[in-house]
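Can you make the complete structure from the sequences, with help from the hints?
Chains U and B supply the protein sequences, listed in that same order. Just so you know, the working numbering puts the end of the first sequence at 230, numbered straight through with nothing missing. Just so you know, the working numbering puts the end of the second sequence at 230, numbered straight through with nothing missing.
In case anyone wonders, no lab produced these hints; they're calculated from the structure. Check before you lean on any hint, since a few could be wrong.
For chains that are exact copies, the list does not tell them apart, and a pair is met inside one copy or across any two.
Said to hold, decoys possible - When the alpha-carbon atoms are kept at most 20 Å apart in a straight line, the in silico EDC-like pairs for lysine to aspartate or glutamate are as follows: (1) 143 / 113; (2) 125 / 113; (3) 33 / 214; (4) 32 / 94.
Note that the structure is predicted; figures quoted are calculated from it, not measured.
There are 2 protein chains.
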Amino acid sequence: MNRLFHVPLSPFCRKVRLCLAEKKIEIELIEERYWEQDPDFLRRNPAAKVPVLRLGGMTLAESTPICEYLEEIYPDPPLLPGSPEARFEVRRLVSWFDDKFHSEVTSKLLYERVNKKITGQGYPDSANVKAGAKAVKFHLDYMGWLLDQRRWLAGDHMTLADFAAAAHLSCLDYISDVDWNRSESLKDWYAKIKSRPAFRSILADQVPGFLPPRHYADLDF
Amino acid sequence: MNRLFHVPLSPFCRKVRLCLAEKKIEIELIEERYWEQDPDFLRRNPAAKVPVLRLGGMTLAESTPICEYLEEIYPDPPLLPGSPEARFEVRRLVSWFDDKFHSEVTSKLLYERVNKKITGQGYPDSANVKAGAKAVKFHLDYMGWLLDQRRWLAGDHMTLADFAAAAHLSCLDYISDVDWNRSESLKDWYAKIKSRPAFRSILADQVPGFLPPRHYADLDF
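Below is the structure:
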């Protein structure tokens with residue numbers, strides 16, 4: 010059986026889960042307390058991070074390289090477009106979310122509020138939370154601006170860029186940190202992606218000690 | 010003329026410069042004080058980061074997506090191998106250096122010692138420098154371990170993984186933060202990659218206020 014070692018509120022794990030589900034690759038999800046640095050887990054991934062995917066005898070780490078690999082061996086349905094220019098735009102946006110959005114927003118809101126508590130690192134730093142709450146507005150506006158011009162984030166088709174973005178936003182939505190009234194196009198896009206079968210397991214996630222808002226799993230939010 | 014907006018001691022810019030040079034794509038290098046957030050520059054890249062590449066009418070940002078794009082439109086010489094499994098290993102290592110090595114080492118040594126001064130952010134944080142000096146040993150040992158088994162970092166051929174690693178190490182070497190005596194295999198690998206014509210412009214870099222050690226540009230270091 011294929012296995013994904015993950016934690017529920019990790020945008021990097023969620024991106025891989027969305028790819029796996031969209032490509033109909035069955036996996037067993039295993040929660041991994043990666044911060045405890047269990048020796049078995051470190052053998053699987055010396056980087057000591059999730060996600061780690063066991064797939065057909067291989068042990069794979071690093072979320073974007075995993076998604077690129079899945080795309081190469083399970084090309085249907087495609088999550089990268091055909092032309093080099095369109096593929097570039099998808100990869101640029103994946104990097105935008107996993108690097109810039111991650112450092113300016115996800116790490117400052119989600120990690121301060123949730124990860125610190127779960128991993129026993131104390132209380133949220135209020136300056137970070139404030140900076141994250143300010144930065145998320147710029148990012149939601151940027152996404153709204155893209156989606157005013159495009160059906161999906163990187164163009165006419167759903168791609169890995171949409172999964173990267175939805176992975177971050179869905180984690181933040183779990184802790185009520187997304188203002189969906191900021192852009193109609195953004196809200197429509199999230200409703201579309203949320204209603205895909207690939208999203209179901211993410212909407213069912215439960216993290217002890219953190220109750221999601223009622224709209225989190227509601228397809229008509 | 011194609012143009013790369015960059016700063017000399019950025020591992021992300023150096024990775025792209027190595028790819029461009031290896032593929033013999035001529036470019037004009039333009040130093041960009043990205044932290045000053047010039048409006049013209051923000052129009053080119055709203056992420057406000059270097060590298061930004063102007064190539065054949067396109068404006069490209071995010072270093073790994075740029076390298077993937079270059080690989081697709083200029084496949085010769087190849088910097089990604091043919092099989093999905095081997096390509097995965099290259100991409101995993103690129104992520105290793107640009108994410109883990111970057112956050113544990115580059116940001117704690119180079120950014121504390123050089124970037125803070127250049128961008129007027131004050132003095133190095135000694136706790137960060139200490140943490141970086143400790144972490145670099147683990148990383149050099151990991152590279153040495155890989156290179157005891159492989160000719161190049163990801164296998165039998167030179168790939169983007171070698172360029173990602175050499176981009177970080179060459180920046181650290183500029184400020185004398187690499188102990189080349191830690192692994193014979195690692196030193197041999199760096200001598201090999203340093204002697205490539207693609208490396209010449211990197212060895213000629215000069216950053217005002219920071220004099221590189223004599224061995225920095227020496228091919229027989």
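Hints, one by one, checked against the model:
| no. | hint | result |
| --- | --- | --- |
| 1 | 143 / 113 | within (9 Å within a copy, 27 Å between copies) |
| 2 | 125 / 113 | both (17 Å within a copy, 19 Å between copies) |
| 3 | 33 / 214 | within (19 Å within a copy, 49 Å between copies) |
| 4 | 32 / 94 | between (23 Å within a copy, 18 Å between copies) |
Checked against the numbered hints given earlier, the structure satisfies every one of them.
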